[in-house]
Amino acid sequence: MNHLPQAWGRPRDDVYGAYNPHYLPHSHGGHQAGHPNQHTQSPIVTGTSVLAVKYNSGVVIAADNLASYGSLARFTDVHRLKVFNKKAVVGFGGDVSDMQYLDRLLLSLHVEENYAGSGDVDDKESDVALMSAKNLHTYLSKVMYKRRSEFNPLWNALLVAGLTESNEPFLASADLLGTTFSAPTLATGFGAHLAQPILRRVVPDEEASKALTREKAVEAVKECMKVLFYRDARSMNEYSIAIVDKESGVDLKLDEKLEGQSWAFADRIRGYGTQTA
Amino acid sequence: MLTHIRQTSIGTGYDLSNSVFSPDGRNFQVEYAVKAVENGGTAIGIRCKDGVVLALEKLVTSKLLKKDANKRIATVDRNVGVVYSGLLPDGRHFVSRARDEASSWRSSYKAPIPGSSLANRMGAYVQAYTLYNSVRPFGITGIIGGWDAETELAVDGSVGSGPKVGAGGKKQGVKEGGPFLYMIEPSGLYWGYYGAATGKGRQTAKAELEKLKLDPKNGECISLEEGVKEAARIIYLAHEDSKDKEFELEMTWVSAVGGPTKGRHEEVPKALREEAERLAKKALEGEDEEEEKMEE
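First to last, the sequence lines map onto chains A and B.
All residue numbers for the first sequence refer to the working numbering, where the first residue is 1 and numbers rise by one.
All residue numbers for the second sequence refer to the working numbering, where the first residue is 1 and numbers rise by one.
Honestly, the hints are just simulated from the structure, not real lab data.
Since the structure is predicted, the reported quantities are computational estimates derived from the model, not experimental observations.
Incorrect hints may have been included.
[Said to hold, decoys possible] Only part of the chain B face toward chain A is listed, based on derived beta-carbon distances under 10 Å: (1) Val76; (2) Lys110; (3) Val159; (4) Glu266; (5) Glu267.
[Claimed, not checked] In silico BS3-like pairs for lysine-lysine, Cα to Cα no more than 27 Å straight-line: (6) A:Lys246 <-> B:Lys270; (7) B:Lys49 <-> B:Lys213; (8) B:Lys262 <-> A:Lys253; (9) B:Lys211 <-> B:Lys282; (10) B:Lys110 <-> A:Lys253; (11) B:Lys110 <-> B:Lys164; (12) A:Lys257 <-> B:Lys164; (13) A:Lys142 <-> B:Lys110; (14) B:Lys243 <-> B:Lys206; (15) A:Lys253 <-> B:Lys164; (16) B:Lys270 <-> B:Lys67; (17) B:Lys63 <-> B:Lys270; (18) B:Lys243 <-> B:Lys282; (19) B:Lys262 <-> A:Lys246; (20) A:Lys146 <-> B:Lys110; (21) B:Lys217 <-> B:Lys206; (22) A:Lys134 <-> A:Lys146; (23) B:Lys206 <-> B:Lys245; (24) A:Lys246 <-> A:Lys210; (25) B:Lys49 <-> B:Lys270; (26) B:Lys282 <-> B:Lys71.
The beta carbon of each residue, even a glycine, is placed where N, CA and C say it ideally should be.
Throw the hints in and build the complete structure from the sequences for me.
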């Protein structure tokens with residue numbers, strides 16, 4: 001029996017030889033030459049929730065402009081919605097360096113798509129077969145799943161919002177594990193707990209989303225952004241919002257501010273119980 | 001010219017292998033490749049004040065070919081167009097290499113490749129095919145045209161705007177970018193041009209290009225829309241020598257970020273192209289009438 005607690009429960013060195021840590025990450029004594037690389041273990045600079053709602057002729061998606069470094073609100077003008085073409089917008093939550101990597105990947109994909117003709121955001125006349133949001137989501141989910149299978153995940157939660165080939169509203173998520181799902185309303189991170197219940201009250205099912213107007217959808221998303229700012233300590237009051245509509249294409253606003261916050265009640269709150277003044 | 005080549009090359013064997021110098025310092029295989037180019041449909045590029053136009057006389061070899069399909073002018077990255085004359089598959093390979101160069105530039109420098117660098121790399125690539133007897137030279141002359149952004153571009157994948165104060169290592173008030181046009185020959189030789197022409201009708205086309213006001217140093221330079229109309233007219237004029245054959249006009253353009261294509265290489269819109277073709281036909285008829293008058 002060894003008197004050092006860190007050795008307890010481990011095979012004894014004098015019986016089995018020194019423990020071979022080669023498969024462990026570098027920080028735990030592993031990673032010798034000739035052995036597999038160890039990769040991203042945790043995110044560093046991060047973005048918080050992304051929310052989106054499908055409505056009768058499109059999708060609304062929003063994310064705030066903050067990139068946090070732990071609890072430090074480090075970068076305040078980071079735009080986490082990326083327009084791919086006039087049919088698709090991607091919202092990024094999670095690690096910002098991995099978001100940059102994905103953004104470059106999407107750019108090279110867009111360049112390749114462009115060889116056949118323009119997929120410009122404001123090119124409404126073009127009849128080129130564009131990569132739809134659905135195609136883009138499939139692509140991104142394969143990238144995410146491949147990376148997690150290599151034990152080198154892209155530390156993101158993505159929402160892909162836009163239109164299908166037949167111009168139906170499309171919304172789906174993909175994350176660092178390669179997990180994908182779809183719903184009329186979606187939110188990542190904190191938003192999944194705080195925004196989803198509110199959004200689901202407005203849009204309980206696909207039918208409700210088909211009846212929802214653009215104005216109501218935008219209003220619901222803005223309301224949720226406000227709730228998230230109240231309660232998520234990694235959020236910010238400036239945000240980006242994009243609307244992908246089958247009639248009007250993509251409308252991206254990068255520097256919106258939350259409106260109509262209510263803090264007046266705070267004046268009346270004193271102490272934690274019996275204090276009155 | 002042809003007899004001269006015959007005199008010096010036939011029987012001597014200097015023209016049988018690539019990369020071999022003839023006694024007077026020529027590479028005959030490269031000169032034969034130029035012959036392949038001279039048989040191709042006319043391709044031209046015009047560098048205008050606010051953009052570049054590329055145009056191609058696409059010979060229709062069969063009525064069974066679908067109209068306006070089978071595009072020959074290719075896009076590289078998003079802001080560069082390539083048109084070529086000569087062997088089609090060689091051109092395709094050339095374009096594919098140009099796309100690879102552009103994307104590898106992006107992965108290194110996180111920004112689009114400048115036209116001068118692309119022309120340089122493609123020139124070097126084509127020239128490499130004159131160096132070994134295990135390969136043959138390119139049977140094309142390629143025209144590369146595009147627009148380098150004159151506005152400040154964000155670094156690919158950048159987030160946020162960076163510091164709000166200070167120059168950030170940049171010089172203030174430096175004008176960058178603008179239109180560019182390069183022509184690369186089978187030898188790997190390339191120059192920057194105001195107007196470039198290659199293929200069967202190059203002589204006619206060059207003569208017409210020389211009449212245009214294209215030098216920005218002279219203070220006047222034709223606009224992009226004028227360029228489109230001139231390009232159509234020149235292609236129609238260059239086609240006159242092979243009048244009996246059908247052809248299709250293919251035309252693309254690139255403008256500044258503030259212009260009609262927003263810095264992208266795109267096909268010239270159908271309406272504008274048809275208008276240009278109408279004017280081209282009218283100009284040709286006008287010329288015929290003039291000739292007739294002269295004869296009278």
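Hints and how they fare:
1. Nearest Cβ of chain A to the Cβ of valine 76 (chain B): about 8 Å, under the 10 Å cut. The hint holds.
2. The criterion of a C-beta within 10 Å of any C-beta in chain A is met by lysine 110 (chain B), whose closest approach is roughly 7 Å, and the hint holds.
3. At a threshold of 10 Å, the smallest CB-CB gap from valine 159 (chain B) to chain A is about 4 Å, leaving the interface hint in force.
4. Proximity of glutamate 266 (chain B) to chain A holds as hinted, the smallest CB-CB distance being about 5 Å (cut-off 10 Å).
5. Contact between glutamate 267 (chain B) and chain A, as hinted, is supported at the beta carbon level, the nearest pair being about 7 Å apart and thus within 10 Å.
6. Between lysine 246 (chain A) and lysine 270 (chain B), the direct Cα distance comes to roughly 24 Å. Compliance with the 27 Å bound is thereby established for this hinted pair.
7. The suggested pairing of lysine 49 (chain B) with lysine 213 (chain B) holds, with an alpha-carbon distance near 10 Å, which does not exceed 27 Å.
8. As the CA atoms of lysine 262 (chain B) and lysine 253 (chain A) are separated by approximately 20 Å, the hinted pair is consistent with the 27 Å bound.
9. A threshold of 27 Å between alpha carbons decides the hint, and for lysine 211 (chain B) with lysine 282 (chain B) the separation of about 19 Å falls inside it, so the pair holds.
10. In summary, the hint linking lysine 110 (chain B) to lysine 253 (chain A) is supported, as the alpha carbons are separated by about 25 Å, within the 27 Å threshold.
11. Restraint check for lysine 110 (chain B) and lysine 164 (chain B): satisfied, since their Cα atoms lie roughly 22 Å apart, inside the 27 Å limit.
12. Among the hinted pairs, lysine 257 (chain A) with lysine 164 (chain B) is consistent with the structure: their alpha-carbon atoms are about 20 Å apart, no more than 27 Å.
13. Our distance criterion of 27 Å between C-alpha atoms is met by lysine 142 (chain A) and lysine 110 (chain B), whose separation comes to about 24 Å.
14. A C-alpha spacing of about 19 Å is found between lysine 243 (chain B) and lysine 206 (chain B), which places the hinted pair at or below 27 Å, so the restraint holds.
15. At roughly 21 Å between alpha-carbon atoms, lysine 253 (chain A) and lysine 164 (chain B) fall within 27 Å of each other, so this suggested pair holds.
16. Between lysine 270 (chain B) and lysine 67 (chain B) the alpha-carbon distance is near 13 Å, which keeps this suggested pair within the 27 Å criterion.
17. Distance restraint check for lysine 63 (chain B) and lysine 270 (chain B): the Cα-Cα separation of roughly 21 Å lies within the 27 Å cut-off, and the hinted pair is therefore satisfied.
18. Restraint check for lysine 243 (chain B) and lysine 282 (chain B): the C-alpha separation of about 16 Å stays at or below 27 Å, so the hint holds.
19. Annotation: proposed proximity of lysine 262 (chain B) to lysine 246 (chain A) holds, straight-line Cα distance about 23 Å (limit 27 Å).
20. Of the pairs offered as hints, the one joining lysine 146 (chain A) and lysine 110 (chain B) holds, with about 24 Å between alpha carbons and a cut-off of 27 Å not exceeded.
21. With a C-alpha separation of about 20 Å, the suggested pairing of lysine 217 (chain B) with lysine 206 (chain B) holds against the 27 Å cut-off.
22. For the suggested pair lysine 134 (chain A) and lysine 146 (chain A), the alpha carbons sit about 18 Å apart, so the restraint of at most 27 Å is met.
23. Simply put, lysine 206 (chain B) and lysine 245 (chain B) have alpha-carbon atoms about 21 Å apart, close enough for the 27 Å limit, and the pair holds.
24. Between lysine 246 (chain A) and lysine 210 (chain A) the alpha-carbon distance is near 13 Å, which keeps this suggested pair within the 27 Å criterion.
25. A threshold of 27 Å between alpha carbons decides the hint, and for lysine 49 (chain B) with lysine 270 (chain B) the separation of about 22 Å falls inside it, so the pair holds.
26. For the proposed pair lysine 282 (chain B) and lysine 71 (chain B), the alpha carbon gap of about 26 Å is at most 27 Å, so the pair holds.
Consistency with the previously given hints is maintained throughout, with no hint failing.
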